[in-house]
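Peer 1: Residue numbering for the sequence shown is 105 to 170, as defined by our numbering.
If you are wondering where the hints come from, they were derived from the structure by calculation, not from laboratory data.
What you are looking at is a predicted structure, and each value in this text was computed from that prediction instead of being measured.
Heads up, some of the hints might be wrong.
Claimed, not checked - Cut-off 27 Å, straight-line C-alpha distance, at most; resulting in silico cross-link-like pairs (DSSO-like, lysine-lysine):
1. Lys168 with Lys112
2. Lys163 with Lys115
3. Lys108 with Lys168
4. Lys111 with Lys168
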Amino acid sequence: MMIKSDKKVEKVFQIEIVEMLSNLVEISAENEQEALLKAQELYRNEDIVLYPDDLIDTKFNIFKYD
105 MMIKSDKKVE KVFQIEIVEM LSNLVEISAE NEQEALLKAQ ELYRNEDIVL YPDDLIDTKF
165 NIFKYD
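Whole structure, please, built from the sequences with the hints as guidance.
Peer 2: The following block contains the structure:
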């Protein structure tokens with residue numbers, strides 16, 4: 105005799121949540137490369153900080169499951 109079971113087997117999923125922030129800053133420089141380097145340095149030194157109000161997109165991705 106077979107016993108019917110309504111129990112569902114659950115799997116574990118890892119969901120990656122990616123938030124994209126964006127802000128335009130003005131940098132004075134002699135050329136594009138120098139402007140990029142200055143902006144990167146300012147960002148790394150936390151002189152440029154992005155805030156939750158700068159949010160432009162949120163994505164949800166299934167990263168891995170067991």
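Peer 1: All the hints need checking, so say for each whether the structure fits it.
Peer 2: Against the structure, the hints come out as follows:
1. Lys168 with Lys112: Since the Cα atoms of Lys168 and Lys112 sit roughly 20 Å apart, the hinted pair holds (cutoff 27 Å).
2. Lys163 with Lys115: holds, 22 Å
3. Lys108 with Lys168: violated, 31 Å
4. Lys111 with Lys168: Holds. Lys111 to Lys168 sits at ~24 Å (cutoff 27 Å).
Going through the hint list in order, the structure does not satisfy hint 3, though it satisfies all others.
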